[in-house]
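Chain residues, written in single-letter form:
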Amino acid sequence: MSEAVHVSELTRKFGDFVAVDRVTFDVSQGEIFGFLGPNGAGKTTTIKMLTGLLRPTSGSARVAGFDVNREIPQIKTRIGYMSQLFSLYSDLTVDENIQLFGGLYGVTGPRFVERRDWVLRMADLSNERRRLTAELSLGFKQRLALGCAVIHEPPILFLDEPTSGVDPIARRAFWDLIYDFAAAGTTVFVSTHYMEEAEYCHRLALMNRGKLIAMDRPVALKQALDEPILRLETDNTPEAVEALQKTPGVIDAAMFGRAVHITVTDESTAPDAVRATLAAAGRTCESLERITPSLEDVFVSLVRREGGAVIG
Amino acid sequence: MSLSRLWAMSRKEAIQLSRDPSSLALAFLLPMALLLFFGYAISFDVKDIKMAVLDQSQTQHSRSLIEAFERSGYFRVVRHIERYDDTDRLLGRGDVRLALVIPPRFSQDLMAGRPAPVQLLLDGADANTATIARNYADAIVARYSVTVLGGGAALTIPVEAESRVWYNETLESRNMVVPGLIAVIMAIIATMLTALTIAREWERGTMEQLAATPVHRLEVVLGKLLPYVGIGLVDVTLAVLAGVLILGVPFHGNVLLLFGMTLLFLIGALGLGIFISAAVKTQVLATQVAMIVSFLPALLLSGFMFSIDTMPIVLRIFTYLIQSRYFITVTRGIFLKGVGVQTLWIEGLAMIVFAIVGLTLATRVFKKEIA
Chain A
181 MSEAVHVSEL TRKFGDFVAV DRVTFDVSQG EIFGFLGPNG AGKTTTIKML TGLLRPTSGS
241 ARVAGFDVNR EIPQIKTRIG YMSQLFSLYS DLTVDENIQL FGGLYGVTGP RFVERRDWVL
301 RMADLSNERR RLTAELSLGF KQRLALGCAV IHEPPILFLD EPTSGVDPIA RRAFWDLIYD
361 FAAAGTTVFV STHYMEEAEY CHRLALMNRG KLIAMDRPVA LKQALDEPIL RLETDNTPEA
421 VEALQKTPGV IDAAMFGRAV HITVTDESTA PDAVRATLAA AGRTCESLER ITPSLEDVFV
481 SLVRREGGAV IG
Chain B
3 MSLSRLWAMS RKEAIQLSRD PSSLALAFLL PMALLLFFGY AISFDVKDIK MAVLDQSQTQ
63 HSRSLIEAFE RSGYFRVVRH IERYDDTDRL LGRGDVRLAL VIPPRFSQDL MAGRPAPVQL
123 LLDGADANTA TIARNYADAI VARYSVTVLG GGAALTIPVE AESRVWYNET LESRNMVVPG
183 LIAVIMAIIA TMLTALTIAR EWERGTMEQL AATPVHRLEV VLGKLLPYVG IGLVDVTLAV
243 LAGVLILGVP FHGNVLLLFG MTLLFLIGAL GLGIFISAAV KTQVLATQVA MIVSFLPALL
303 LSGFMFSIDT MPIVLRIFTY LIQSRYFITV TRGIFLKGVG VQTLWIEGLA MIVFAIVGLT
363 LATRVFKKEI A
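Chains as they are written, first to last, in the numbering used here: chain A, 181 to 492; chain B, 3 to 373.
Note that these hints are calculated values from the structure, not bench results.
Since we're looking at a predicted model, the values are computed, not measured.
Glycine residues also receive a C-beta, built at the ideal position from the N, C-alpha and C atoms.
Some hints here could point you the wrong way.
What the hints assert, rightly or not - With a straight-line cut-off of 30 Å between C-alpha atoms, the simulated BS3-like cross-links for lysine-lysine are:
(1) B:K283 to B:K369
(2) A:K402 to A:K391
(3) A:K193 to B:K339
(4) A:K426 to A:K402
(5) B:K49 to B:K339
(6) A:K193 to B:K283
(7) A:K391 to B:K369
Unchecked claim - Partial pick of chain B residues on the chain A-facing surface, computed with a CB cut under 7 Å:
(8) S25
(9) A27
(10) G207
(11) A213
(12) A214
(13) P216
(14) R219
If we strip away everything but chain B, and leave its shape as in the complex, we get (with noise of 0.2 Å):
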């Protein structure tokens, strides 16, 4: 191991990356244009859920019940119709979520103490979504009828839970996807970016001048990792301004430790792009593996999109060999909670393991050519 061999590598690379406008752009644009995106327009919460109306009763109580519904802010009546037919063909094209039927005995029947139903249809091809509006609904109708029954009067219910929310207290999602975006930006620099690296030197026949010369597999593998380690922590930086200062998230943890936690992860990631690109020698090819092998577990099964506590017991067992789930834990988890290190040890210990695998992979697969 020589620093100077190392410093030569780290070096060139820097420099043909400067020089590589499409690297470039996949190494700054790319990163915050994802934030911006994900920030802005995606956004998992539900709110002001569009509902239709078929108020069959006309009295007082089906109004003040509908007035209930609108009251909550989950839900807004765009749509009052007249027949139950409408309905069908309402939530069928999508125009509303959730359709409340009001029957003409409705008043009635609460009048006499009766039970008195009212029928809700949810548009169920958002299983998700129509879950969450169904939950609401049901609470909402719970809330009415606990009023029906003081007679209008404030009535104390024997058991009452308190919520408070805690770490995203205002339950946006917006909290949630920030952080998480940060380690998909870095699978996507660390994979997509190496993968090119090595591919790239195959191809234009430049690894063979290298491999005659001095150089150790493990400076060729160091030295490419630098200049791409310094790219990530440039990105976590604007990625942890632009979060907290253009779209607002909180941010309650200590700065050093995500830094700590995003190098050894960085390090992990990066050494299996280096292997990826070694081991197949082309660029196009290295590129598409990069794609299935990191950027899209990153994105589906790291906890990420979905909650990997509701997949199927398969998925959720081989989550544990990705990753990104442990290291969107820990940004999660210093961003919103302002954990430390006593939380967060075994995903740096889970990330320590991924590094070393990820180094000796990419050092061990130069054997064949380079000493």
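Just chain A, with the same shape it has in the complex (with noise of 0.2 Å):
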């Protein structure tokens, strides 16, 4: 397969602080690309220089073959971009918004009155074309930004966190439009801090502090933590994570709801000093078992090997 986005050493600084160091990786068409990590990891920074919205302070990337440093314009036309934000015009009506993005991408004539009705029916609008909207729910906007973003048919899309604030139906809804693109061929490069949301992509970045600290699909990822964990539950979930974290062979112990992950050296001596930890603090245990990490799982773990603190 072809490279749709190809990221070599990309840096951004502002000012002192390094919002993107030294970023590489590359992006296959057709391939839904995920981006993972908490606010503030240097996500949105990536993207919007490889939208053509911010300069690299170092650094090379190629989007659909152009040079984001060179061939911005040519950039533009062959990708869609839909950001953190709601963006469209709320004080415009549904068909308003769509006509204006289709003459600010050269969509015009039959062409127009043909993705116009894709967009509504995408976006299930169709009666709702001379509503405001600013009376649409948050749901009905994001799928109409995303209309407006996909106008043109272009061969990349970038979403930056696209379904933040959506509740999780309209989040699965949203994803079944991602699933389409991607199979009738377009590049989906998308950013999340959902671990849920992650598991969809065929293959993920982890980011924190600017750096890329993991790469490669979520099952893979999941795979290759070696150190076995523990989920467990109990009557006072703070307490106990305080107690285990200095029981002997256990390398960490965080809260996950109202559960405890537990991340240990030993699988067979493990649970033993964690019940004897829980005895001796006076805590039940209800349930102790071994589980498949979790993303989330995968990401704190990273973190950790590289000595940082997740930031955001």
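Two chains, two frames, a set of hints: combine them into the complex.
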């Protein structure tokens, strides 16, 4: 497969602060490539450099075969971009927004009519054409924004945290659309800080503090984590976490909702040590089992190995 | 440069404008309110100046001098006072602007052919009016003296200035104010309205979405400019109509020339407004900056309110940097004097320079964000 995006040593500094630090990766055509990391990890800055909104401090990148340092106009006609914040015009109607972006992307005449109808169907807004965009629910706004971003059928789509603030059902529906695009050959570059959303990506790049700390398929990332993870349910989660931090054989203990995820060195000896610690602290042990690590476990473990804290 | 993108921008901007009540009010109500307000309420004319008289002579001579003041139309005697001290009180309170004191020996001195001084006391707090009042009073007294010299009969004086006022025959300040006001209104429309337009896009995050499309910055600037040019031209039409039909201001010149010049002015002023808006990126700050760099100079330093010729030299030089200065010369010239391009070409050239500078500034300010 050909490369849709090729990034090499891409760096962006804001004064002394290095927002993106010598990032290198490739994205193939038709791939759903995910950028996972906390807020402030450099995901948005990277996307802005690839979409021509921000100049790199150093390094290079090619998008659809064009150089982000020199060929921005060519790039802009070949990409669709949806920013973190909802950024359509809320004082325009659904139709007027579509018409604006059609005009800006040079989609005119019969092709425009065809594409407009396609956007309306895709966003499920065929009966709301004259509604002001401000009156739509966030889920519909996002779909309309996606529609406007792809009105010109770009081969590459950049989505910067497209589902933040959207309810889980609308989020799921949004991802169905993303799969449709990828199936049709569109390369989708998506950033997120939702772990479960990251699982949907074909390939995932983990980012922290401006650096790329791992990149692989979600399954492979989880398999690569060699330290066993135990899942504990107890009566007082915060106190259990504190007590377990000092237990021999425990690398780390962290809260995951109501449960505790414990990273241990040895699966055979650790459970007894954990139970002993809990008993000494006067805490119950409702269940304790080995689990397949989640992406969050992978992320936390990788950040710890890098010796840095997660920011954001 | 693509017409389809330019049209898409303009259309969107016009729709947004039409849905924003505060912009519409600023665009149409404020100009009309200003026009009527300045046209009716504010007058720089000096007429019916209130005066007090202390007539210690009480003779036929003194009475006819007082009558000369009243007949002139410039003065109205509102108080006849008995004591000299009263002048202080009346002037101090602002009840009268001028007091005429005729001494007891006035008549005797006149009859004897001796100089017969009278005293004029003026309220100098408003220096402008005081100066004008003094000139009128001096003229009345001088004319009275001539009559007395002739023994009551008409006397031919050797040199007499026969004055005729051109361009604004009735010397009404309204006729000056209305054409000047058109320039002030345009300055408001151009900078205050546009000051909001780009800052709003930054605040709402829509600018980033625009920047990600292939739209060129010149298309953004021109696309935003066009609807406001339309509003500006509608406002000029309304202002000319209201000025001529409601306020009775004469219009001697060429309407097309006025529109052409307005267009030049608008491009420069709108460019400046867009530049401010894009440079400061917040609506509040943009409005304040627009007030200071455009509206206030248009009101105070353009020659609209205060004559540029009487300004201190430093300010006078500074006015050459103010666009409205040239436009006011143009509107007054076209309205009152009916002059054409052969007289106004320097102003036209100046406004072309401003238009080029305005557009360049507006376009360049996006350089970092939009290709």
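Hint by hint, here is what the structure shows:
1. B:K283 to B:K369: Roughly 14 Å between the alpha carbons, so the hint for K283 of chain B and K369 of chain B holds.
2. A:K402 to A:K391: Since the Cα atoms of K402 of chain A and K391 of chain A sit roughly 19 Å apart, the hinted pair holds (cutoff 30 Å).
3. A:K193 to B:K339: 61 Å, violated
4. A:K426 to A:K402: Holds, at about 26 Å.
5. B:K49 to B:K339: 24 Å, holds
6. A:K193 to B:K283: Since the Cα atoms of K193 of chain A and K283 of chain B sit roughly 22 Å apart, the hinted pair holds (cutoff 30 Å).
7. A:K391 to B:K369: With Cα atoms ~29 Å apart, K391 of chain A and K369 of chain B stay inside 30 Å; holds.
8. S25: For S25 of chain B, the interface hint is violated, since the closest Cβ of chain A sits about 11 Å away, which is over 7 Å.
9. A27: Check failed: Cβ of A27 of chain B comes no nearer than 16 Å to chain A, outside 7 Å.
10. G207: Holds: closest Cβ of chain A sits about 4 Å from G207 of chain B, inside 7 Å.
11. A213: OK, holds: A213 of chain B within 7 Å of chain A, min 6 Å.
12. A214: Nearest chain A Cβ about 4 Å off; hint holds.
13. P216: 4 Å, holds
14. R219: Since the shortest Cβ distance to chain A is 11 Å, the answer is violated.
Hint compliance for this structure: hints 3, 8, 9 and 14 are not met, and every other hint is.
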